[in-house]
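*Asks:* Start from the sequences and build out the full structure, keeping to the hints where you can.
Going down the list, the sequences are from chains A and B. Here this note's numbering is used: the first residue of the first sequence is 1, the next is one more, and so on. Here this note's numbering is used: the first residue of the second sequence is 1, the next is one more, and so on.
Just so you know, the hints here were simulated from the structure itself, not pulled from any lab data. Heads up, some of the hints might be wrong.
As the list claims (entries may be wrong) - Stretch by stretch, here's where chain A covers chain B in the computed footprint (C-beta under 8 Å, at least three residues):
#1 82 to 91
#2 106 to 115
#3 166 to 178
To be verified - Computed, partial: chain B to chain A, Cβ under 10 Å:
#4 Thr-39
#5 Arg-53
#6 Pro-60
#7 Lys-67
#8 Leu-119
#9 Ile-142
#10 Glu-146
#11 Glu-154
#12 Leu-157
#13 Gly-158
It should be emphasised that the depicted structure is a prediction, and the values quoted were computed from it without experimental measurement. By construction, the Cβ of each residue, glycine as well, lies at the ideal position given by its N, Cα and C atoms.
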Amino acid sequence: QAKYISQCIDEIKQELKQDNIAVKANAVCKLTYLQMLGYDISWAAFNIIEVMSASKFTFKRIGYLAASQCFHEGTDVIMLTTNQIRKDLSSPNQYDTGVALTGLSCFVTPDLARDLANDIMTLMSHTKPYIRKKAVLIMYKVFLKYPESLRPAFPRLKEKLEDPDPGVQSAAVNVICELARRNPKNYLSLAPLFFKLMTSSTNNWVLIKIIKLFGALTPLEPRLGKKLIEPLTNLIHSTSAMSLLYECVNTVIAVLISLSSGMPNHSASIQLCVQKLRILIEDSDQNLKYLGLLAMSKILKTHPKSVQSHKDLILQCLDDKDESIRLRALDLLYGMVSKKNLMEIVKKLMIHVDKAEGTTYRDELLTKIIDICSQSNYQYITNFEWYISILVELTRLEGTRHGHLIAAQMLDVAIRVKAIRRFAVSQMAMLLDNAHLIASNTQRNGICEVLYAAAWICGEFSEHLEEANQTLEAMLRPKVTTLPGHIQAVYVQNMVKLYASILQQKEQAGEKEAAQEITQLMIERLPQFVQSADLEVQERASCILQLIKYIQKLQIKEVPVAEEVIALFAGELNPVAPKAQKKVPVPEGLDLDAWINEPPSDSESEDEKPKTIFHEEEQRHSRHRQPEIDEEELARRREARKQEQANNPFYIKSSPSPQKRYQDTPGVEHIPVVQIDLSVPLKVPGMPMSDQYVKLEEERRHKQKLEKDKKKKKQKKEKRGKHHRHNSLHTESEEDIAPAHHVDIITEEMPENALPSDEDDKDPNDPYKALDIDLDKPLADSEKLPVQRHRNVETLKSPDSEVPLVEKKSKKPKKKEKKHKERDKGKKKEKEKKVEEEEEEKKGEDLDFWLSTAPPAAPTPQPQVGIFPHQRKLLWLFLACELCRSAVSCCSTEGNISFISSTSCWGAEILCQPSSEKTVMGDFRLILCKSRTEIEIQMQFQAWLILLLMGVMLYSCMVLFPSMR
Amino acid sequence: PSRPLPQSRSAAAAVAAAAVLVWAEVPPSPPQLRYPPGTMQFMLLFSRQGKLRLQKWYVPLSDKEKKKITRELVQTVLARKPKMCSFLEWRDLKIVYKRYASLYFCCAIEDQDNELITLEIIHRYVELLDKYFGSVCELDIIFNFEKAYFILDEFLLGGEVQETSKKNVLKAIEQADLLQEVSKSNFSDQSV
Numbered sequence: 001q002a003k004y005i006s007q008c009i010d011e012i013k014q015e016l017k018q019d020n021i022a023v024k025a026n027a028v029c030k031l032t033y034l035q036m037l038g039y040d041i042s043w044a045a046f047n048i049i050e051v052m053s054a055s056k057f058t059f060k061r062i063g064y065l066a067a068s069q070c071f072h073e074g075t076d077v078i079m080l081t082t083n084q085i086r087k088d089l090s091s092p093n094q095y096d097t098g099v100a101l102t103g104l105s106c107f108v109t110p111d112l113a114r115d116l117a118n119d120i121m122t123l124m125s126h127t128k129p130y131i132r133k134k135a136v137l138i139m140y141k142v143f144l145k146y147p148e149s150l151r152p153a154f155p156r157l158k159e160k161l162e163d164p165d166p167g168v169q170s171a172a173v174n175v176i177c178e179l180a181r182r183n184p185k186n187y188l189s190l191a192p193l194f195f196k197l198m199t200s201s202t203n204n205w206v207l208i209k210i211i212k213l214f215g216a217l218t219p220l221e222p223r224l225g226k227k228l229i230e231p232l233t234n235l236i237h238s239t240s241a242m243s244l245l246y247e248c249v250n251t252v253i254a255v256l257i258s259l260s261s262g263m264p265n266h267s268a269s270i271q272l273c274v275q276k277l278r279i280l281i282e283d284s285d286q287n288l289k290y291l292g293l294l295a296m297s298k299i300l301k302t303h304p305k306s307v308q309s310h311k312d313l314i315l316q317c318l319d320d321k322d323e324s325i326r327l328r329a330l331d332l333l334y335g336m337v338s339k340k341n342l343m344e345i346v347k348k349l350m351i352h353v354d355k356a357e358g359t360t361y362r363d364e365l366l367t368k369i370i371d372i373c374s375q376s377n378y379q380y381i382t383n384f385e386w387y388i389s390i391l392v393e394l395t396r397l398e399g400t401r402h403g404h405l406i407a408a409q410m411l412d413v414a415i416r417v418k419a420i421r422r423f424a425v426s427q428m429a430m431l432l433d434n435a436h437l438i439a440s441n442t443q444r445n446g447i448c449e450v451l452y453a454a455a456w457i458c459g460e461f462s463e464h465l466e467e468a469n470q471t472l473e474a475m476l477r478p479k480v481t482t483l484p485g486h487i488q489a490v491y492v493q494n495m496v497k498l499y500a501s502i503l504q505q506k507e508q509a510g511e512k513e514a515a516q517e518i519t520q521l522m523i524e525r526l527p528q529f530v531q532s533a534d535l536e537v538q539e540r541a542s543c544i545l546q547l548i549k550y551i552q553k554l555q556i557k558e559v560p561v562a563e564e565v566i567a568l569f570a571g572e573l574n575p576v577a578p579k580a581q582k583k584v585p586v587p588e589g590l591d592l593d594a595w596i597n598e599p600p601s602d603s604e605s606e607d608e609k610p611k612t613i614f615h616e617e618e619q620r621h622s623r624h625r626q627p628e629i630d631e632e633e634l635a636r637r638r639e640a641r642k643q644e645q646a647n648n649p650f651y652i653k654s655s656p657s658p659q660k661r662y663q664d665t666p667g668v669e670h671i672p673v674v675q676i677d678l679s680v681p682l683k684v685p686g687m688p689m690s691d692q693y694v695k696l697e698e699e700r701r702h703k704q705k706l707e708k709d710k711k712k713k714k715q716k717k718e719k720r721g722k723h724h725r726h727n728s729l730h731t732e733s734e735e736d737i738a739p740a741h742h743v744d745i746i747t748e749e750m751p752e753n754a755l756p757s758d759e760d761d762k763d764p765n766d767p768y769k770a771l772d773i774d775l776d777k778p779l780a781d782s783e784k785l786p787v788q789r790h791r792n793v794e795t796l797k798s799p800d801s802e803v804p805l806v807e808k809k810s811k812k813p814k815k816k817e818k819k820h821k822e823r824d825k826g827k828k829k830e831k832e833k834k835v836e837e838e839e840e841e842k843k844g845e846d847l848d849f850w851l852s853t854a855p856p857a858a859p860t861p862q863p864q865v866g867i868f869p870h871q872r873k874l875l876w877l878f879l880a881c882e883l884c885r886s887a888v889s890c891c892s893t894e895g896n897i898s899f900i901s902s903t904s905c906w907g908a909e910i911l912c913q914p915s916s917e918k919t920v921m922g923d924f925r926l927i928l929c930k931s932r933t934e935i936e937i938q939m940q941f942q943a944w945l946i947l948l949l950m951g952v953m954l955y956s957c958m959v960l961f962p963s964m965r
Numbered sequence: 001p002s003r004p005l006p007q008s009r010s011a012a013a014a015v016a017a018a019a020v021l022v023w024a025e026v027p028p029s030p031p032q033l034r035y036p037p038g039t040m041q042f043m044l045l046f047s048r049q050g051k052l053r054l055q056k057w058y059v060p061l062s063d064k065e066k067k068k069i070t071r072e073l074v075q076t077v078l079a080r081k082p083k084m085c086s087f088l089e090w091r092d093l094k095i096v097y098k099r100y101a102s103l104y105f106c107c108a109i110e111d112q113d114n115e116l117i118t119l120e121i122i123h124r125y126v127e128l129l130d131k132y133f134g135s136v137c138e139l140d141i142i143f144n145f146e147k148a149y150f151i152l153d154e155f156l157l158g159g160e161v162q163e164t165s166k167k168n169v170l171k172a173i174e175q176a177d178l179l180q181e182v183s184k185s186n187f188s189d190q191s192v
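*Replies:* Dropping the structure here:
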């Protein structure tokens, strides 16, 4: 085939060389076909132009077709076409003009748009509607390529809204609607006109465009929404065209969303929408079903209750044959769950998970299950054992990408729901024991992430572990070394926690030999991690190996060590309220605004940051001197600093400042070494089928239901009491959950007076941005535009004939244009000495008048975006902190860090947590010194102490910073 | 000259009976003013075998990008089961497709655009082809691809519907055809 094609191309090349235009056209036509098959025909661009310029329509048509298919902005010969196109545009034959316009719509470039804008604008007033309509439509493309043409052309475009020919009229509506959708605020003043069109038009497609336009306008002008609701609901009632109905429903939803803050009384409209959507969803047409669900999910966001009543329908859609419909239904399920039906719904989803064929759909199901269960802080979960077993069951999914999601949930639940820890630990121990099943296909398999959570939970809450020895051995298996590095690192860290608790247990029981055995086991197995290629694993393992060797020495001397070892992990992890940090008082004499260390004058690269940490000590002394520097000097320096930061590519400019903090830093002092409770051994048989758990849970649920049914007969009050009691199982935990409630803190936090600015949202490359032009300003402004320069000259000569440059060529439109000009001029005179803003105000007033007598909207405050000095500093600290994180990782508390390593700030907090109470550096050092003399640490060990110290210093700074606000 | 016939001939032999399907939701009211447009990014026609039969791009893209998109979309759409709905989300666009006999008509629209309208546009185009060729089949489009393009260009311009009346579109095409004094030799010879 390739051979045949190349033979064809050779033939075509021969044909193109001939003088006969018919043969050439035929050859070009063949090329067009080949181009569609994917062959490059750019070499023939010149021949295409030749055919385009043929005098006969037959050939011209083919030439333009070929050009429209294969020319693009990069085609260099395109500029050669300008004159040809101009000639064709002014051809007496309307089809010549038509074909040129059609072709132009496909390959218009900024240059062509600039050169031909006048010609096309003239054509907008052509006698034949066939040409007018094409010219109007192509103007949109011209505007996109050459935004300067918008202002001169707009008056005439507006005129075309009232063209006698419906085709031209709809073309104009089309273009203006498209323009307005991109930059609605410039077109608000056209709202009354469009409103009139909307109420008078019976043309469905014009209606759809206008309704869409209003959808874009209402967020800017809520009063418009109120006015729209009525005609829209009328349309919804009356129309038989599904496309129009769908558009109306969508816009009503959008309008109601933008109104929802001010006017809650639209339940009737919502009800109507939901009803209509129900009809769509019940339809046998899959397309309507899909769209119905799609629109329903938009309602769900603001009016969940009205959607909830259709739960039956949505659950039904979950069984649909079509995957895309099922996915839509899943989206909706999120808002449908309640305490009562959560288990039932999730059970249904679990069945789907088992049945699902494609991994994408299964992954989607998985995320949805987790989303549904964890929403609003696990609001709907009444039994966390059930949830843990669901999570464990989900780990059996092969090849899912969302292992980390499951892991995050396990960690979250285990940390925040204290009552569940024992159960969670037993499940996690099982997971670790069966790690070979999960991680059979290690590197690629996302599910092995759960081992990360499992290891951490087992380590951190090792006091709940019944068979700690067995779990420890599971973690020391050689197979573990095939896991990804970050998981191994957590393994290493947490096996020490386990080791510590086993050690203590054995010592308390007086089984010295057993204690030594376990130490021996660690010393034997740890080297496999020391050899790891992963730096983090290697570092931790070698550190810990040395520690354990030292412990062994002590053990041989029969010194009791368990207390000391367990002290490494003392303290309990508490959930922290999002705003807790603000309550940390600033110690007296601490100036948070002062630089810890003045940044070096030339540059402030990242490499230098860790260095500055060592200077903190000196800085404290130097602080006394700082007040002596006068204000001006400070301001100057600050300015210079800003400048530097602005120029520094490594400087992170605007990331939100995470501000989580330990709730009760001072209150932690009382936390003693954790007592390990060994008195409650529980038999856990092998790897349990989580179905069992689910069944158990279901039975339990059933019992509860029965109880509930009984209670139902009693008074409501009592029923509520029952709920309470049921919850009391987890009261403690739920109290704990409450403060750690808002997980969104990291994304939401912004400088207090930073308002979202439009500029940020817009892509600078957005072609539509260029069209963000105020069209209500008098046209005279456009004098600044380069193209209009010669018009300027004209204006000077005879100001009365001031017309856009296009007008020169045709006389007919001139009259019409003149009217506009005069109007503009009138306006101009009125406003002569007023500033632009006032003009805009006036425009607003007109609209106001039309809309209602309601008071004008409050002026939008000027957006201010910026980072405050202390935040900047905080960011800087985080950076530094990130850098020394790996260094500090040897520190005993490190397991906690890696647990939340995603947020370095958390890591830094937790860094100091188990070593506890001492947030003040001095105290901390005391502890360290004490332990040092006691344990006689080797040189190596000292090194990490210093690193730890660094971390603590950082931490103490950070604790104090945000409260300065 | 004898040239190999397109592979899809047998498949195409089945006349596009579906073309006569009437769009259920749209009442057969006056043809004019019934077909609202969406902003279309591009339109592709391809056969069940994945062969491209027609392409129209309303957004400027490089050839490479076009090829990539075409390949990706053809695969995605062909992989969908017949009972599935006609819409899919792809990148940040919405894809609306419909199958008529052996041909898939596939349009890409923007996020806020109306899917149902796009389906109607596709259907309208099929109707136009059907009227013009008289019960259109895939072969008609292969051998007269330039006509198919001309019809499309009369119907849509720059991704917007320019003429909502079937009659007007056909009239324009017929008159333009009349201008072609010389009947062109057929272009069948380069089909692959």
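*Asks:* With reference to the structure, classify each hint as holding or not holding.
*Replies:* Each hint, compared with the structure:
{"no.": "1", "hint": "82 to 91", "result": "holds (count 6)"}
{"no.": "2", "hint": "106 to 115", "result": "holds (count 3)"}
{"no.": "3", "hint": "166 to 178", "result": "holds (count 4)"}
{"no.": "4", "hint": "Thr-39", "result": "holds (6 Å)"}
{"no.": "5", "hint": "Arg-53", "result": "holds (8 Å)"}
{"no.": "6", "hint": "Pro-60", "result": "holds (5 Å)"}
{"no.": "7", "hint": "Lys-67", "result": "holds (6 Å)"}
{"no.": "8", "hint": "Leu-119", "result": "holds (7 Å)"}
{"no.": "9", "hint": "Ile-142", "result": "holds (9 Å)"}
{"no.": "10", "hint": "Glu-146", "result": "holds (6 Å)"}
{"no.": "11", "hint": "Glu-154", "result": "holds (8 Å)"}
{"no.": "12", "hint": "Leu-157", "result": "holds (5 Å)"}
{"no.": "13", "hint": "Gly-158", "result": "holds (4 Å)"}
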